[in-house]
Amino acid sequence: MIRETRVLSARFGKPQAWTLASYRADGGYATALALLKTRKPEELVAEVKASGLKGRGGAGFSTGTKWSFIPKGTGKPVYLCVNGDESEPGTFKDRQILELDPHQLVEGVILTCYAIGAHTAYLYLRCEFALGLRRLQGAVDEAYAAGLLGKSLGGTGFDLEVTLHPGAGAYICGEETSLLNSLEGLRPYPRNKPPFPAVEGLFGCPTIINNVETIANIPHILGRGAAWYAGLGNKEDPGVRLWCVSGHVQRRGVWEIETGFALQELIDSPEFCGGVRGGRRLKAVIPGGSSSRVLTADEVRVTTMDVPGMKRVDSSLGSAGIIVLDETADMPDVTLNLMKFYAHESCGQCTPCREGTPWVVKVLDRIVNGRGRAADMDLLLDIADNMEGRTVCALADGACWPLVSIVQKFRHEFEAKVRAAPHAAPAGVA
Amino acid sequence: MFDTETTAALERIRARYPVPKAALVPVLHVVQARLGWLPPEAREWVARFLSITPMEVHEVVTFYPMLLDRPVGRHVIHVCRTLSCDACGGRELWQHLVRRLGVTRGGTTQDGRFTLLSAECLASCGTAPAMLLDGERHENLDAAGVDKLLEAAR
Amino acid sequence: MINLSINGRPVSAPPGTTILEAAAQLGLEIPHYCYHPDIGIDGNCRMCLVQVGQNTRKLAISCQLPVAEGMAVQTESPAVVKARKGVLEFLLINHPLDCTICDQAGECPLQDYAYRFGPSDSRFVERKGRKPKQVEFSERILFDAERCILCQRCVKYFEVVRGSRPIGIESMGGKTTVTLGPNGPIEDPYQMNIVDICPVGALTSRDFRFRQRVWFMDFAETVCPGCARGCNVTAGAYQGKLLRFSPRRNPEVNRSWMCDEGRLSYGRYNLATRTRGASVLGAAAELPAALAKVRELVGDGAGVAVLASTQATCEELFALRAWAQGAGVKALWHGAATWAGDAFLKLPDATPNTAGARELGFVPVPAQPGAAVGGKLRGLLVAGEVAVPAALLADLDFLVLQTPQGGQLAPAAAVLLPGRTPLEKKGTWVNATGQRQALKPALDPGPGVPEDWTLWRDLAGAAWPSLKHLQAEMSRAGCAPAVPRKPSLAEQALAQRASVLTGQP
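For the record, the sequence lines run as chains A, B and C. In this text, residue positions in the first sequence follow our numbering: the first is 1, and each later residue adds one. In this text, residue positions in the second sequence follow our numbering: the first is 1, and each later residue adds one. In this text, residue positions in the third sequence follow our numbering: the first is 1, and each later residue adds one.
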């Protein structure tokens, strides 16, 4: 039976939950103040590693392992950047934390900075999150006023400066090295790796970039112990996550559920999504934010939401942005909508993405608008083959996963459009 | 170029970074909030304020969709066009606004009141369709709801 | 040293060497656009992708990835060949069909790589993106945004090499363009180097625009005569007229750069009129007769001085000195010309071979020229194009002038001998930092203008039948002539336009 396990969302909806008073009343900051006084940073890193926590931004890399990449003794300051640039289509979970329980994030920032030896943290938020910015800034201001940030926070002897930093409307800034360049005031092109940010990141210094949800987990994991967290959900991919569901369901929303539940159950359960809207038939689900391979209705029936489950259906959990599409969805049109997203958001730095994503849009536009040709589907697949794995960052990969999977699994819809086209586009005519 | 309160706020922002250039986007947001957009004189002022070249400001301003390098109406609308909104009433919302305001994407109404723009996913997929009006997010919209918002925006 | 293999061939390189550089050491060219050895790495064009190990899903950019012990790199695997073809296809889909009117044609790495690695037909049937064309970046440079492949070399050149930002990048995605932004036209005196480093016809020289197709031109590897830096250049000519100078890469002298003033000075060497054959006292004369007259005038050499141009080659100066020593002429002076130098390449000495002249014992014109020749300056032999100080001309008994163009002094010359411009010379110059550099002639002066060194040989009655013989004697005497610089195997592999190195497009 699918049920919520409310850890991050335990306080969502409580009156004034975003205030310091409310957070403290529920025991907030106790973990940070205790551990900064009693435990060594390395111990915290080890604990987070042992918990099995993976990054919640989309890449799913082991958080504790990432923290351990910070080199010691470089003489350079270490930075923490919190990635609040949530822009993956279908994803709307980080904003909940920012708006409804931001102190949880601040406590996570304190613990993380202590663990990695950072005394400066930048919280990078989308500028479109006006409410989230206000609530998080409010929380940071309250924390400073209460001596929980700044010099020797909480009397622990640990100094920490925290600054909110706004984005300006670019999805690419969610890519960690693009975020760094954005923070430095440069055009936010992603960087080629190596070097990796842990070694050479913000201002050339060792830097950890973690997603909002990832950091929000830290007070809970360090407060209740790695073993507790590792015992939640699926053994190989433990923990609890905020899952977003949007699209053609009766009830859309964010739910906090341990890994390993059945996707079909989430969609059908009356306590959760309540089934496909209007009792229609399910056609497809994009499980991990738009940058994941689409699942057919048959595949959804056997999908469990954890890393091994995703491997079995050759898709990914990504940013846990589940988009449900019913029989009224026109898959070529859906693909065009998504590919326009990637083409609009391509930073333009490297050849395959800059040229390939708009090309894909042009081809799909012809197909959708009755000027498709029989060769177009294979053309789309080959363009994708020349983009995937050939670029500076994974934006192009993110475009290719839905593009290829939808063309492959719903090819009949594309072919129908091509067959119905009044006349094939002659060469040279848009 | 700005009153003392604004300048003081900008100086506080600049002081949060080891390198002044890092304050560029936060500073531009404050300036844009004051002026409605980012005219050339403002960009030059920002360049001097951060000890960088006007070119560096130009390169950044022209990159980001939310930084406005041309004049806009008194109120700026950003309607989300991405899948979860598009599939749940967003397309109809857009068409309604185009009809009601009588402009195409990027256009400003004759009376200078509204500029209509598209945005990509606003992280309101579960409360679609959504849009920003002057930077504030409004969700679960329909034609009636958006009409009310527009009426209230003088 | 790190040991790895590239296409099965073993190679060793110091840590920090990139795969691209290591391959170049083997003479293996990995095609690339955005990397430039004198600007640095950017990693945006994706042309240099290679396969490391068995991973075909993610290929690596060889311009950036440092070599690692035991690495097995493939540059021609099926995945790499396809990826490379894919990158070229992406570059071509929005590229305008300008080849027929584009100055870059014939020396264009986009053409060349498309020919070698690209698709043979187009799968793009939609409208190409439109961007600004014929944008005036300055009075010297035009920019075409449609042709631009956004390698960013031009922007980085100014930032990294010149420390300035006259151009930048605006917008994002498919709308990205290089731009002047809020700046006025580019004013940098080294701006035209971006025309050379641009891999396509996006940045073109307005001076060279529409003048000639490079495959009809003749190119010579030589040295700029403009100043004592001795920037290596390729001189391009068509039907006996110079059409342009471009810098030739030399890491020790000028890297890949030259100044605009030097670059645009080529016109100076297209002479409309010139001295052909010799004349004595205003009347045309056969060369042997003219030289005999010179010997007669010089007599025992007392009171006679030689004033040599520092455009003259070491070979000419060696032969001239040989004659002077035999003729009893002890005063060997060299001329001078100056211009405003800068902190980059231009040196205040606006002549190319002052160091070579000094090496051979020529000295600056003394303050007391008369005293220097034992009382009174009776006669002056001016060899080459040089500004003659008025003090030397006062009260002269005779003047011998050897020059490409007679000029104002010609009527006063007892003997007028023909001379070649620096672009017609073969020989050696020594630059201000002591590098000996070889010249190759780009132009043939036509009849009546023998090689300058032969005049002094004949004047002296010396025996060198060819320049090689003269050069052999110079070597024996300890002033070795220069041999043309041969770019290393690695440099050749990295150069995209051969004209950058070898004078051929």
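Treat the hints with caution; some may be incorrect.
Here are a few chain C residues that face chain A, going by a calculated C-beta distance under 7 Å [unchecked claim]:
| no. | residue |
| --- | --- |
| 1 | PRO37 |
| 2 | GLY43 |
| 3 | ARG57 |
| 4 | LYS58 |
| 5 | VAL81 |
| 6 | ALA350 |
Keep in mind the hints are simulated off the structure, nothing from the lab. Yeah, the Cβ is synthetic: ideal placement off N, Cα and C, and Gly gets one too.
Practice item. Grab the minimum C-beta distance from C:VAL81 to chain A and call the hint holds if it beats 7 Å, violated otherwise. Key: This hint is violated: C:VAL81 lies away from chain A, its Cβ roughly 12 Å from the closest one there, beyond 7 Å.
**Study point:** Restraint outcome when C:PRO37 is required to lie within 7 Å of chain A by C-beta distance
**Key:** With Cβ-Cβ at 18 Å, over 7 Å, it is violated.
Review point. Is the shortest C-beta separation between C:ARG57 and chain A less than 7 Å?
Key: Cβ of C:ARG57 sits 5 Å from chain A, so the hint holds.
Check your understanding: Minimum Cβ distance from C:LYS58 to chain A below 7 Å?
Key -> Result: holds, 4 Å to nearest chain A Cβ.
Check your understanding: Do the numbers back the hint for C:GLY43, that is, is its least Cβ distance to chain A under 7 Å?
Key -> Given a least distance of 4 Å, the restraint on C:GLY43 holds.
Exercise for review: Closer than 7 Å between Cβ atoms is the bar; does C:ALA350 clear it against chain A? Give me holds or violated.
Suggested key: 41 Å, violated
In summary, the structure is inconsistent with hints 1, 5 and 6 from the numbered list given earlier, while agreeing with the others.
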